[in-house]
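Enquirer: Using the sequences and the hints given, assemble the complete structure.
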Amino acid sequence: MKYRITHTTTYQYSEPASLSQNELFFTPRATARQQVLQSQLSFDPQPQYLHRRIDYFGNIAHVFMVQQPHSRLTLTAASVVRTARNSRLQPQATPAWEEVGRRLQAHATAEELDAYQFVFASPMIAEAPGIRDYARISFPPGTPVLAGSIDLMRRMFAEFAYDKTASTVDTPVAQVLAGRRGVCQDFAHLAIACLRSLGLAARYVSGYLETLPPPGTPKLVGADASHAWLSLYVPGAGWIDLDPTNNVVPGESHLTLAWGRDYGDVAPVRGVVMGGGAHTLAVAVDVARVD
Amino acid sequence: MDHQPKPSGPAAAFAGSGLFAGLTCPQGAYCEAFAEDGQPREQWRAIVAAMDRATPERLRQRQERVKRMRHEDGATYNPFDAPDGRGTPWALEMVPLPLTAAEWSELERGLLQRARLLEQVLADVYGPQLLLKNGRMPAELIYANPRFLHACHGIQPNGGRFLSLYAADCYRGEDGRFRVLREYGGHPVGLGYALENRIVISRLLPELYHRTQIRRLAPFFQTLHTSLVQRSSLRREDPNIVLLSSGPDSPIYFEQALLSRYLGYPLVEGQDLTVRNGRLFLRKLAGLEPVDTIFRHIDDPHSDPFALRRGDVVGVAGLIQVAREQNIDIVNPIGAGFIDTPVLPVFLAELCDHLLGEPLMLASHPAWWCGEEQGRVQALARLETVRWQPALDRAHRLAADPHRALDEAAFAVMAQETVQPSLTPVWTQEGVHLRPTLLRLFVCATEEGFAVLPGGLAMTAHDVDTLLAAVPERLLSKDIWVLSDEPVEPFSMLGTLHSVGEFRRSSDLPSRVADHLLWLGRYLERAEGQVRLLRSVFRRLSGEARPEDIPELAFLLDLVRAIGMIPPLPENGEVPQDELAGQLTEALYRQDRPASVAVVLKQVQEAARNVRDRLSRDSWRVINRLEDFGDNPAADPLDLLDNTLFTLSAFSGLAMEGMTRGLGWRFMDMGRRIERALHEIDLIRYGLPQVCRAQHNALEALLEVSDSIMTYRARYRTAFQLAPVLDLLLLDESNPKSLAFQLDQLAAHVEELPRPGERRYASAEERMTLEMLTAIRLLDLTGLACNSGGPENDDPLNRFLETMATRLLAFAQQVGAHYLTRVAATPHFSLRLGDGA
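In order, the protein sequence lines correspond to chains A and B. Quick note: the first sequence uses the working numbering, first residue 1, plus one each step. Quick note: the second sequence uses the working numbering, first residue 1, plus one each step.
No lab work stands behind these hints: they were computed from the structure. Small disclaimer: the values here were computed from a predicted structure and weren't measured. Positions of the beta carbon are idealized from the N, C-alpha and C atoms, including for glycine. All clues given are correct.
If you want a taste of the chain A side facing chain B, the calculated C-beta under 10 angstroms gives, among others:
no.: 1; residue: L19
no.: 2; residue: Q48
no.: 3; residue: I54
no.: 4; residue: A110
no.: 5; residue: L113
no.: 6; residue: Q117
Sample of chain A residues lacking proximity to chain B, with all beta carbon distances greater than 10 angstroms (derived):
no.: 7; residue: T27
no.: 8; residue: Q35
no.: 9; residue: L37
no.: 10; residue: P91
no.: 11; residue: R102
no.: 12; residue: P140
no.: 13; residue: P218
no.: 14; residue: A237
no.: 15; residue: G238
Expert: Below is the structure:
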């Protein structure tokens with residue numbers, strides 16, 4: 001499927017900001033099932049400084065600076081990507097989770113060595129009591145790793161409430177587990193924490209999801225949103241995406257921006273402003289099919 | 001790897017007669033000073049003899065001098081709150097630790113090799129990561145290590161130098177060989193203290209020092225400086241080097257200030273620096289000045305709150321981006337703290353074989369990493385004797401039970417063999433004791449390779465555990481003397497680096513420093529005005545006369561009320577005597593009232609602390625006396641106020657005298673002038689109606705609190721009359737307390753402030769001061785007298801003064817906005833990731 005993504009972020013400052021410095025993970029990366037056909041960033045006002053690089057995880061990162069006083073900053077990323085269906089891996093046919101853990105620990109291949117870095121706690125996903133116990137329910141001994149992970153996702157979907165007021169950008173996973181509520185970022189973090197507690201490799205994926213309006217109503221432009229899910233390493237099959245917010249194995253309608261150990265590695269926009277007083281933020285995302 | 005103490009024969013006691021008599025080296029430890037036959041080792045003979053000759057009393061005096069010299073140099077956090085030396089990092093103890101040329105050359109070669117090795121390790125870890133990919137380094141060392149900074153991966157440091165300053169804690173084991181216990185690359189500390197110790201000890205023991213051939217420290221600093229200049233001049237001739245400090249709150253701020261002075265690099269804080277177009281700049285009064293090199297004195301994680309995702313404000317937002325662009329030389333490159341990883345030394349022997357193709361000369365202290373089966377077995381075999389330590393993150397707390405810790409995360413655990421550092425004699429009040437000792441040694445990059453500081457910081461503690469805990473405030477330090485077989489050439493840094501740095505510094509200064517100096521001036525003046533006013537009140541209250549018989553008392557109290565130091569009069573106009581006494585006590589001591597003397601004095605100290613490196617040693621000592629204020633509420637308020645006024649005057653005198661008439665001095669003096677002018681306006685505005693309500697003596701009191709009574713008497717020799725008093729306080733430009741004098745001074749200062757471009761037009765500040773000065777010069781006081789209807793609220797003089805106060809405040813704001821603007825940086829994050837459902 002081919003999509004055009006338009007993501008606009010606007011900062012409005014109560015007083016003029018003299019200087020703003022930002023890092024963006026705003027440009028989609030190519031993946032096994034995603035081809036990036038076009039991508040373009042635009043800024044208003046124009047930054048005096050712009051730098052592009054590939055980060056440690058292979059994501060496309062931009063750093064830019066606006067160095068004159070401004071009371072408003074708008075960033076727009078426009079991209080065209082083509083996505084493929086997922087490979088329809090048979091969950092029951094994947095190796096037992098204990099075996100996966102052993103292979104990661106041994107990391108005998110380059111691929112396993114690379115996956116191994118996603119086994120450890122990361123700045124925003126700390127180890128916490130209770131997480132492993134919660135995870136183990138889905139992983140009786142010998143459970144195929146993907147079957148267990150899909151069960152974990154199903155349980156989280158059933159037991160957790162989607163609640164935008166329950167958390168902030170840095171809510172710890174232990175609190176999400178205790179409160180049984182949060183948003184996609186929290187669910188992704190918690191699921192990753194669960195899988196890592198079992199010695200499995202899981203990474204955080206930032207991206208978009210195409211939303212379809214109820215039948216008969218027109219799709220509203222800009223009504224889509226940033227989204228986040230996770231990816232599990234399965235030896236032999238590679239990285240398999242899982243979306244606990246929607247209880248689905250992502251396919252064509254999940255569009256990937258970047259991945260890392262957690263949200264902190266790939267926050268779409270992060271920055272520092274000098275001055276500027278209070279700021280407000282408006283985000284509009286539009287994901288549209290292109291024929 | 002295996003380290004078993006060799007059995008050794010019973011050591012003999014030292015046979016000498018004096019101080020060292022009877023000292024015995026216990027078994028299982030190497031004794032630095034004495035050989036096994038109980039005789040002093042060759043390199044110790046001169047020191048032992050010199051100390052044996054001195055009487056205990058003389059030694060006590062010497063140690064006192066050491067402490068005092070360190071205090072005077074400002075090496076203590078606060079010289080006056082820690083009289084026993086506690087709270088002082090690495091308090092200096094006088095017995096030096098000598099090392100022979102042969103011992104040193106072994107250590108030196110070992111350290112040079114380790115530095116080369118560690119630099120290659122860093123180059124790989126932050127580059128191709130072949131050690132990881134080829135299994136030469138455990139993956140956990142990178143993947144589970146907070147000391148590995150993802151944001152710094154791929155950065156090519158200036159000149160390819162991944163490690164330009166390195167420190168190692170070494171000890172000498174029972175077998176007489178040196179080993180490395182810990183290494184530092186993120187923020188090696190102690191270099192300044194090593195330098196300070198040498199300065200103090202060479203002054204304390206001049207004869208011994210000059211008779212012995214001791215290698216000098218200065219050439220090392222010259223080398224450090226030369227290599228910095230050489231690397232930076234790849235980009236620019238005459239590079240700008242700054243020393244990035246963690247600020248005056250740091251317990252080792254002294255070291256940063258000392259190195260700044262010694263090397264001639266301006267001492268700056270994170271907020272002095274800013275990033276533009278991928279380059280780094282220093283904010284100065286005249287504008288932004290490019291920076292080429294940072295001598296960094298803050299640790300890795302705090303270096304860049306932007307790239308490293310931290311909320312703190314110590315570092316420089318965007319610094320890592322500047323490094324990515326290769327527009328800066330940082331000592332050390334951010335991320336070099338990877339070599340601080342506690343378990344890394346375990347792998348260095350193998351890495352040395354692999355990377356350098358040579359055996360590791362200076363061994364690491366025996367330890368085992370529990371992330372590997374083999375290491376775990378070795379560690380558990382020594383369960384009772386080893387020290388269980390975090391392997392990756394020094395701040396990580398392991399479970400008390402090693403089995404439990406291994407269960408939780410074996411890769412995070414290491415086991416260290418028991419450490420038996422050699423013993424050195426340490427002089428204390430009770431005599432000489434043998435104490436375990438670590439040597440912190442320093443290595444810096446040179447043009448081609450590395451150089452070792454021939455000396456360092458020897459650290460001793462009462463016991464091994466305290467020594468290893470490495471809290472600087474709980475350790476004593478010694479000067480390390482590296483003996484030379486050849487005569488030592490005298491060498492000094494002075495004249496080579498010093499003068500250049502000082503010269504450059506005087507021409508301009510960071511805005512932050514100017515801001516603090518301006519406020520220091522304002523707070524000082526504010527404190528002086530308040531103290532003077534309250535002193536006039538207490539002087540009258542402490543006399544024999546009853547309060548109601550002192551006509552000017554009500555006048556003075558009204559002034560105290562007018563400036564908000566005590567509550568306003570109630571409706572009935574009566575305050576009971578005891579309530580008034582309570583109010584006045586609060587005006588002195590209350591911590592939660594913005595206008596109390598205690599609070600303003602605190603502000604003075606705070607502002608002074610922020611510019612401590614700009615103040616002379618003497619003025620810093622004086623400012624510390626202000627701490628006593630409020631310690632003793634039972635003290636006579638009049639004495640206390642007298643003393644405080646004296647201290648404030650002494651400080652002002654010293655600070656102003658000791659400063660060159662540069663921009664720093666101008667900003668401090670502008671602060672004083674602004675505040676004094678505002679205070680004088682307040683006194684006259686609020687005082688004048690009272691004066692005219694026929695309270696005699698009030699005019700005299702007004703002159704008294706304006707500190708102009710002597711001038712009045714000298715000039716007029718008449719009774720106090722309104723017109724001459726006002727003339728003296730407002731218009732007389734030769735009276736240093738008059739309003740006109742303050743404005744005249746301000747006008748002189750703003751003419752000298754830096755401005756961009758050519759001076760074709762007057763600056764806004766110049767126009768404002770000129771306006772105020774002209775207004776006061778044109779003020780006509782003729783005909784002003786109380787009987788002419790009297791100055792009331794709407795009279796021209798009152799309106800004039802009110803306008804003047806408004807203009808002064810606008811002027812202060814203009815100066816702030818133009819030169820001193822400090823805007824807060826607020827991190828912003830992208831909005832919550834939204835609804836994908």
